[in-house]
Amino acid sequence: SQKIEQNSEALNIQEGKTATLTCNYTNYSPAYLQWYRQDPGRGPVFLLLIRENEKEKRKERLKVTFDTTLKQSLFHITASQPADSATYLCALDTNAGKSTFGDGTTLTVKP
Amino acid sequence: DVKVTQSSRYLVKRTGEKVFLECVQDMDHENMFWYRQDPGLGLRLIYFSYDVKMKEKGDIPEGYSVSREKKERFSLILESASTNQTSMYLCASSFRQGYGYTFGSGTRLTVV
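Order-wise, the sequence lines are chains A and B. Using the numbering used here, the first residue of the first sequence is number 1, and each one after it goes up by one. Using the numbering used here, the first residue of the second sequence is number 1001, and each one after it goes up by one.
Quick caveat, the hints were computed from the structure, so don't treat them as lab data. Model, not experiment: these values are computed from the prediction. Note that beta-carbon positions come from the ideal geometry of N, C-alpha and C, so glycine has one too. It is possible that part of the hints are untrue.
Said to hold, decoys possible - The calculated lysine-lysine pairs, modelled on BS3-like cross-linking and capped at a C-alpha distance of 25 Å, are:
{"#": "1", "chain 1": "A", "residue 1": "Lys59", "chain 2": "B", "residue 2": "Lys1003"}
{"#": "2", "chain 1": "B", "residue 1": "Lys1070", "chain 2": "A", "residue 2": "Lys3"}
{"#": "3", "chain 1": "B", "residue 1": "Lys1070", "chain 2": "B", "residue 2": "Lys1053"}
{"#": "4", "chain 1": "B", "residue 1": "Lys1071", "chain 2": "B", "residue 2": "Lys1057"}
What the hints assert, rightly or not - Stretch-level coverage of chain B by chain A, calculated; a stretch enters the list once three of its residues show a Cβ under 8 Å from a Cβ in chain A:
{"#": "5", "segment": "1014-1026"}
{"#": "6", "segment": "1073-1086"}
Kindly generate the complete structure, drawing on both the sequences and the hints.
Structure representation (structure tokens):
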């Protein structure tokens, strides 16, 4: 069956360090992979989209990699700040026009 | 600032009531989606729409229906609300396939 797994429910790091979040999938052939940020009680906010033929994408302190052989995406936040504390969701789109979301990883950046 | 607006932030309804959740986007997006989000279950797709008067079932359509009479508006209908439909409901839109989603702030529905 199709499955999306995000590495852990919670990740705690120190301010200034790089946070690395993992999204693994099985039995999908995604055309796109997206990352979102969600704060408590709010809707997710779109961060980055990477296509199947792209290896890496960057936006300011954010970097996403996409390895279709390993069936994995890594999401990095460099020079992390307490304001980066949130839940981060990955989502896959298989060209069916709809995205399936992972359960999310809650990141806490300690000052 | 572009946005997706959901009509209610919090809603309490009684079992058996017919419930309407409204969603409006001002971005001229083609695609619109309804998800529900529950602890431990993540975001699950209920219905989506690629165009006016068009709808597709998502992963959990049972007990729900939708309406898209105008491009900017996508309504979710709970035909006869039940307690297991207590959840956070999130509406989203996207320009078209291959673009990120813009989500609304969500409607927290409680069915008593």
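**Request:** Run the structure past the numbered hints and jot down the numbers of the failing ones, going up.
**Result:** 2, 5 and 6
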